[in-house]
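Engineer: Listed below are the residues making up each chain.
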Amino acid sequence: MPTFQLKVNGVSHSVEADADTPLLWVLRDNLDLVGTKYGCGIAQCGSCTVHVNGNATRSCTTTVANAQGMEITTIEGLSENGDHPVQEAWKEIDVPQCGYCQSGQIMTASAFLENNSNPSREEIRSAMHGNICRCASYNSIEKAVEVASKK
Amino acid sequence: MKTSNKISFSRRSFLQTSALASGGMLVGFNLFTACKEDVKPPIDLSLLDYNDFNAFIKISDEGKVTIFAPNPEIGQGVKTSMPMLIAEELDVAWEDVHVVQGKLDTKNYTRQVAGGSQSLRQGWEPLRQTGATARQMLVNAAAAKWGVSASECKTNKGIITNANGDKLGYGEVVKEAALLEVPEDVTLKDPKDFHIIGQDISNVDIDEIVTGKPLFGLDYKQEGMQYASVLRPPAFGQKLESFDDTNTRAVNGVNDVIKFGDKIAVLANSTWAAMKGKKALKANWTQDSKAESTAFHDETLLGLLNGDKFDTRRKDGDVKKAFAEADQVLERTYETPFVPHNCMEPMNFFANVTTDKIELVGPIQTPAGTAGQVARMLGRDASEVTLEMTRMGGGFGRRLYGDFALEAAEVSHLAKKPVKVVFSREDDMTDGIYRPAIKYRIAASIKDGKLTGYHLKEAAINSNMYGLIPNFFPAGAIENYQVDTANYKSNITTGAWRAPYTNVLASCEQSFFDELAEAMGVDRIKLHMDLLDKVKGTTDERIQYSPERLQGVIRKVVKESNYGKENGVYQGFAVYYCHNTHVAEVADIVMDNDVPVVKKVTVAVDCGIVVNPLGAKNQVVGGVIDGIGHAMYGELTFNDGIPQSNNYNSYQLIRMLQTPQVDVHFMDSDIAPTGLGEPTLPPVGGAVANAIYKATGKRLTKMPYMNNMDVEPVVG
Chain Y
1 MPTFQLKVNG VSHSVEADAD TPLLWVLRDN LDLVGTKYGC GIAQCGSCTV HVNGNATRSC
61 TTTVANAQGM EITTIEGLSE NGDHPVQEAW KEIDVPQCGY CQSGQIMTAS AFLENNSNPS
121 REEIRSAMHG NICRCASYNS IEKAVEVASK K
Chain C
1 MKTSNKISFS RRSFLQTSAL ASGGMLVGFN LFTACKEDVK PPIDLSLLDY NDFNAFIKIS
61 DEGKVTIFAP NPEIGQGVKT SMPMLIAEEL DVAWEDVHVV QGKLDTKNYT RQVAGGSQSL
121 RQGWEPLRQT GATARQMLVN AAAAKWGVSA SECKTNKGII TNANGDKLGY GEVVKEAALL
181 EVPEDVTLKD PKDFHIIGQD ISNVDIDEIV TGKPLFGLDY KQEGMQYASV LRPPAFGQKL
241 ESFDDTNTRA VNGVNDVIKF GDKIAVLANS TWAAMKGKKA LKANWTQDSK AESTAFHDET
301 LLGLLNGDKF DTRRKDGDVK KAFAEADQVL ERTYETPFVP HNCMEPMNFF ANVTTDKIEL
361 VGPIQTPAGT AGQVARMLGR DASEVTLEMT RMGGGFGRRL YGDFALEAAE VSHLAKKPVK
421 VVFSREDDMT DGIYRPAIKY RIAASIKDGK LTGYHLKEAA INSNMYGLIP NFFPAGAIEN
481 YQVDTANYKS NITTGAWRAP YTNVLASCEQ SFFDELAEAM GVDRIKLHMD LLDKVKGTTD
541 ERIQYSPERL QGVIRKVVKE SNYGKENGVY QGFAVYYCHN THVAEVADIV MDNDVPVVKK
601 VTVAVDCGIV VNPLGAKNQV VGGVIDGIGH AMYGELTFND GIPQSNNYNS YQLIRMLQTP
661 QVDVHFMDSD IAPTGLGEPT LPPVGGAVAN AIYKATGKRL TKMPYMNNMD VEPVVG
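The listed protein sequences correspond, in order, to chains Y and C. Under UniProt numbering, the first residue of the first sequence is numbered 1, with each subsequent residue one higher. Under UniProt numbering, the first residue of the second sequence is numbered 1, with each subsequent residue one higher.
Just so you know, the hints here were simulated from the structure itself, not pulled from any lab data. Among the hints, erroneous ones may be present.
Unchecked claim - Dumping the calculated EDC-like pairs for lysine to aspartate or glutamate here, alpha-carbon to alpha-carbon at most 16 Å:
1. Lys279/C with Asp20/Y
2. Lys239/C with Asp670/C
3. Lys599/C with Asp20/Y
4. Lys143/Y with Asp205/C
5. Lys357/C with Asp318/C
6. Lys189/C with Asp670/C
7. Lys282/C with Asp262/C
8. Lys91/Y with Asp205/C
Unchecked claim - Residues from chain C that keep clear of chain Y, each with C-beta distances beyond 12 Å, as calculated:
9. Glu241
10. Gln287
11. Lys559
12. Asp640
Keep in mind that this is a model prediction, so the values were computed, not measured. Don't be surprised by glycine CBs; every beta carbon is placed ideally from N, CA and C.
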């Protein structure tokens with residue numbers, strides 16, 4: 001099996017995997033970074049969202065080969081102490097119900113706010129539209145992104 | 001070293017205390033014996049070690065409290081709210097409480113279930129009694145130490161005080177308290193003294209969730225574990241004839257291919273290799289029973305409604321006579337499709353079956369039943385099975401069924417290795433246990449401007465409405481009333497889906513009432529209020545809804561939504577009682593290029609005392625949006641036994657831009673709490689349909705509504 005060099009949360013890793021292996025499964029199965037979730041495998045639900053060079057990216061359709069050489073950030077590396085403004089807002093609003101999709105929601109929201117620090121409600125709704133929450137915590141997500149934007 | 005008290009069976013014999021060798025005190029209790037009224041403990045509790053209890057409170061020498069919650073957590077919030085009840089009566093500060101998920105105890109107990117919105121309702125008394133009993137023992141120990149009467153002592157946030165101004169923390173008296181007799185009678189707090197119940201308490205797992213810690217079944221792994229991807233028959237009614245695994249075995253990381261029943265498991269070092277290996281399998285299938293299609297289901301269910309083979313589930317008066325004598329009869333047929341559960345965390349389970357034990361780990365709503373099924377399947381004793389419950393990435397009823405755990409156990413047994421079965425999204429959607437397609441025909445008779453008869457017929461796949469549903473409103477309000485059911489047995493697997501049966505019935509009936517009020521020329525709200533007046537003082541014990549409480553939520557929602565007076569929006573109303581909770585809803589919609597957009601839903605809820613307003617609101621809002629999503633978009637069709645959607649590019653779940661703001665109003669109440677995981681979902685489709693009627697003049701009788709309007713279907 002080929003070997004790839006990945007830089008995840010500032011740490012370099014050498015991983016053995018087939019070139020077509022999605023980054024999602026390398027993170028979860030090889031590197032034990034299970035905060036990034038599997039939801040659909042076809043970039044439709046957003047559960048697997050990570051940052052690749054700062055951009056919100058679906059790790060289920062990004063191959064390990066394409067992720068090589070990139071700066072990858074997962075939920076585990078978003079902040080050192082779980083205190084990124086988006087994480088703080090998520091706690092303040094008590095967003096999660098089952099919680100499964102929330103790391104993807106947080107990664108989408110944090111990348112979005114990097115590029116738009118003072119979004120309108122409609123911009124927040126559009127930015128978060130790609131992430132499914134089956135428990136339908138959408139009202140709370142919307143509010144938490146707004147709260148985070150003011151932190 | 002454990003010291004036990006001899007206690008006799010009594011109302012509180014689910015309790016036992018002991019001192020811990022490591023310091024501190026343990027109060028063991030069997031939650032599900034406690035929560036189930038009139039059930040005797042199965043065995044002599046005084047002979048048990050504390051491990052035999054499925055839940056317990058541990059109080060350390062420092063006064064820190066650990067509460068082990070046995071209930072499966074599916075996002076309904078009971079891992080937070082149930083310990084709140086204990087902590088309230090124990091009278092400790094919530095900040096000093098640490099909640100841990102307990103394990104299943106298959107040895108002695110048979111019921112640890114998340115389902116039916118019953119956890120808080122059934123736990124309300126016994127959980128508070130558990131906390132109060134422990135508190136009383138701590139007080140008794142302090143009183144003995146001080147030489148004062150226990151009745152002179154008070155507690156506040158884990159500190160005991162007396163009239164002399166002495167103070168002792170709980171941790172300072174736990175050793176003595178653990179040795180005392182368990183008091184038979186304890187006094188529960190006056191609700192006005194609650195300092196935890198009624199407060200906004202965050203989800204106990206919030207820090208782990210927002211930092212991506214392993215919590216879910218899919219996150220679990222063990223040394224030497226194989227990932228298993230399972231190929232199952234692509235169509236319902238098929239059996240495996242033959243297969244070729246040559247290409248599969250050539251996939252990097254694939255270690256084994258195992259046939260079991262009509263399924264084939266591919267075992268690999270990684271999830272991806274297992275999934276790839278499965279895709280490379282070549283299998284031949286034979287159709288063993290009918291290959292059913294949606295057109296066939298439609299025809300069959302309509303045939304049942306047109307026929308005369310019904311079970312009568314409730315009959316008051318004579319509907320036939322009322323219909324014959326009526327000035328007008330209104331009859332409508334409502335149609336609802338199959339839907340999958342679509343939990344965001346796909347089905348998965350870990351099993352390690354060895355010669356001396358069976359270890360199971362994963363997300364399951366029915367751990368005890370599933371552990372028992374695994375033992376029976378493998379011909380093993382139930383005592384050999386341990387089951388660890390993980391947090392669940394949604395349940396919605398799907399994880400009541402342990403098919404995936406049975407698969408994991410069977411494959412582990414055959415492979416002689418620890419195995420985790422992982423469903424792909426496609427597996428999850430196409431190998432479901434679906435909400436079945438159901439059709440209703442509702443007819444009502446009007447005579448001299450009055451509603452004289454009501455006849456509801458249900459035709460459903462595999463099974464019909466259960467229990468008390470035929471006695472829900474309008475039962476009791478109409479003199480001539482009848483509910484009939486019929487069903488067709490299909491080979492497509494079906495089961496409970498969030499608020500089973502009422503999740504579609506409520507919307508259909510609430511649409512019908514809207515049309516009925518119009519036909520009668522009466523105000524929609526007045527029609528309901530007048531009918532509910534007739535139920536007041538009923539002696540019919542089958543009727544469990546409260547007409548007063550339904551009227552209360554109606555008044556509340558009318559006021560808060562400004563119903564009928566809001567400018568620029570079309571408003572639809574619905575009201576319903578199920579899962580012991582009373583709910584009224586008003587949906588506000590606007591039309592955007594002929595497409596209805598739900599802007600806001602106002603909800604009034606009477607669930608008794610609101611234990612955790614923050615969590616309660618999450619449940620109400622989630623239920624409403626979920627209900628709108630499925631009424632508007634949810635549909636799984638079949639062609640020759642094959643589900644026609646298999647992922648989110650061909651199946652629409654509601655997303656942010658389709659989501660309204662939900663405005664929640666709880667009724668002030670001092671009545672014991674009831675559940676919230678389900679009851680706000682059923683009526684909302686009716687509220688939306690009634691609003692769409694006002695906007696378009698079109699009555700929607702077929703779900704999903706968006707597929708039955710002349711608009712482009714939405715996906716994504």
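Engineer: Which hint numbers doesn't this structure obey?
Structural biologist: 2, 3, 4, 5
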